[in-house]
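*Asks:* Chain residues, written in single-letter form:
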Amino acid sequence: MQGRTTVHAWLMLSPALLLLVAFTHYPAIATIWHSLFSTPRGSRPARFVGAENYLALAEDPIFWQALMNNLVYALTTIPLSIGLALMMALWVNGKIHGRTALRIAFFTPTVLPMIAVANLWLFFYTPDYGLLDQILRTLFGWGPTNWIGRTETALGAMIVVAVWKEAGFFMIFYLAALQAIPPNLCEAAAIEGASRARIFWRITLPLLGPTTLFVLVNAVINGFRLVDHIIVMTKGGPDNATALLLTYVYELGFRFWDTATASALTVVLLVMLALTAAVQFLVGEKRVHYR
Amino acid sequence: MIGRVGNAFEHAAAWLLGLLWVAPLLYAIWAAVHPQGYSVRFDLFAPLTLENFAAAWDAAPFARYFLNTFVLVTMVLVAQFVLCTLAAFAFARSEFRGSGLLFGLVLLQLMIMPDVLLVENYRSMRALGLVDTILAIGLPYMASAFGIFLLRQTFKQIPRELEEAARVEGCGTMAILLRVYVPLAKPTYLAYGLTSVSYHWNNFLWPLVITNTVETRPLTVGLSVFASTDQGIDWAIISAATLMTSAPLLLGFLMFQRQFVQSFMRAGIR
Numbered sequence: 001m002q003g004r005t006t007v008h009a010w011l012m013l014s015p016a017l018l019l020l021v022a023f024t025h026y027p028a029i030a031t032i033w034h035s036l037f038s039t040p041r042g043s044r045p046a047r048f049v050g051a052e053n054y055l056a057l058a059e060d061p062i063f064w065q066a067l068m069n070n071l072v073y074a075l076t077t078i079p080l081s082i083g084l085a086l087m088m089a090l091w092v093n094g095k096i097h098g099r100t101a102l103r104i105a106f107f108t109p110t111v112l113p114m115i116a117v118a119n120l121w122l123f124f125y126t127p128d129y130g131l132l133d134q135i136l137r138t139l140f141g142w143g144p145t146n147w148i149g150r151t152e153t154a155l156g157a158m159i160v161v162a163v164w165k166e167a168g169f170f171m172i173f174y175l176a177a178l179q180a181i182p183p184n185l186c187e188a189a190a191i192e193g194a195s196r197a198r199i200f201w202r203i204t205l206p207l208l209g210p211t212t213l214f215v216l217v218n219a220v221i222n223g224f225r226l227v228d229h230i231i232v233m234t235k236g237g238p239d240n241a242t243a244l245l246l247t248y249v250y251e252l253g254f255r256f257w258d259t260a261t262a263s264a265l266t267v268v269l270l271v272m273l274a275l276t277a278a279v280q281f282l283v284g285e286k287r288v289h290y291r
Numbered sequence: 001m002i003g004r005v006g007n008a009f010e011h012a013a014a015w016l017l018g019l020l021w022v023a024p025l026l027y028a029i030w031a032a033v034h035p036q037g038y039s040v041r042f043d044l045f046a047p048l049t050l051e052n053f054a055a056a057w058d059a060a061p062f063a064r065y066f067l068n069t070f071v072l073v074t075m076v077l078v079a080q081f082v083l084c085t086l087a088a089f090a091f092a093r094s095e096f097r098g099s100g101l102l103f104g105l106v107l108l109q110l111m112i113m114p115d116v117l118l119v120e121n122y123r124s125m126r127a128l129g130l131v132d133t134i135l136a137i138g139l140p141y142m143a144s145a146f147g148i149f150l151l152r153q154t155f156k157q158i159p160r161e162l163e164e165a166a167r168v169e170g171c172g173t174m175a176i177l178l179r180v181y182v183p184l185a186k187p188t189y190l191a192y193g194l195t196s197v198s199y200h201w202n203n204f205l206w207p208l209v210i211t212n213t214v215e216t217r218p219l220t221v222g223l224s225v226f227a228s229t230d231q232g233i234d235w236a237i238i239s240a241a242t243l244m245t246s247a248p249l250l251l252g253f254l255m256f257q258r259q260f261v262q263s264f265m266r267a268g269i270r
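Protein sequence lines correspond, in order, to chains A and B. Using the UniProt record's numbering, read the first sequence as starting at 1 and increasing by one per residue. Using the UniProt record's numbering, read the second sequence as starting at 1 and increasing by one per residue.
Chain A extracted, bound-state conformation (with noise of 0.2 angstroms):
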């Protein structure tokens, strides 16, 4: 009996397995392997050459310049996109006015393609004509500024887009959260003479331990994944100051067609998502109580 429900079992897996293993397994090991060669051009075919494409990455200050990019996009989304969702959801969640109507507008971002996000957001940020342009002119009489067009501002743009796209949607996960509290833990704390402040920081908050580790998850991945509008709006530019590593692989891989080094860079990307796992695994383990 034990034997036929784990054939049942392995014949239920398959198919899924399958997939996963051809599109996840088999291209993040490929990738490692094919790092190790050249890229094919023409009648040459791939020959191994070690570790010398990581040395051209190495050498190649675009790769670095990405990287930092790619940090600092990191660091910033993932904080402020998580923070502003919390407080969303706090928001939405108590006696505000027009409840309902707040929390489409948080979570409209989240339905819109980025590529169309993108194409709203050039339009906003476009030198003098934009729209942030109109209201810093008449807040402050602001001259224009290019925005995506200057090395200083343009990745604080592209962060600026992605924080707007992401926080609604992390805004869902808190708040179906906040709705599983049950209301009589806070209604007890408050008879007790704790203020909201209280109640937040040592009933609400540790509550949402599981739903933030989650959120971090998603955030963290976004924070390598969530390009698209990268590759729209600056391509990368101006002088690769918004240059991250998912757009310098498309770049590497599919403009220059260098397969060789674009599987070196994913290779690095492939690390990062790894340590960040890593971290989440052994933080996330001491931290968060489950149920």
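No wet-lab data here; the hints were simulated from the structure. Here a beta-carbon is modelled for each residue, glycine too, at the ideal position from N, C-alpha and C. Check before you lean on any hint, since a few could be wrong.
Derived list of chain B stretches under chain A, where covered just means 3 residues or more per stretch with a C-beta under 8 angstroms from a C-beta of chain A [what the hints assert, rightly or not]:
id: 1; stretch: 22-35
id: 2; stretch: 88-95
id: 3; stretch: 101-107
id: 4; stretch: 113-122
id: 5; stretch: 196-209
On the provided structure of chain A, position chain B as indicated by the hints.
*Replies:* The following block gives chain B in isolation, referenced to the frame of chain A:
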């Protein structure tokens, strides 16, 4: 007194943020329904027009793009439901040697998403002769770790007694899955289905890489091709095209807003 002022301040902040969040969309709507000259000039009495939508529709094969996206989204959703249900059921209800390790290997996909493996997946698709097909856009996403994880959690919460009762009545494993587990997991299917549809409706980078003709391009790639070619600064038409491509999903969300949020809550993703 301080509480009252603080409350009013908080309300104002919430509303300001909400306004900020819909501003780009409102701006696009404004630009799309007025003649081109009004894109950067606000006038309450500006004439309304639908010409921008007509112009955008004529400027690119949007009907074909809509069809491609529709085929893609449906195909991925059906495949995900079938594959993830089977796998999740096996993980939830059969303890066999190595099932824990296997589940861990599945969850790897949560971290290493297909989006990151562009170069290698492109190589595989070329080897399979699938470059520039709609199947190739969907294939890497059909076995979804997120879906398997979500459904496994839901299936595990279903009391075993129900399964045993069905077994006593002579149901086989497949019948139990279809008659007991799947109906009870409806909220999870709804939540996951909505997430999946919006993800694949909006997905861009992989479709951009793997497609190169009108016959296969989904809306997102079509829109980017449209907006980047010589349309230049004609914001009115770009706004109209942008709204057009996002409209079905946006309307769907507005209609199902309540169910969407609730299904997430019931699905127990916390």
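*Asks:* Hint by hint, which ones does the structure fall short of?
*Replies:* none
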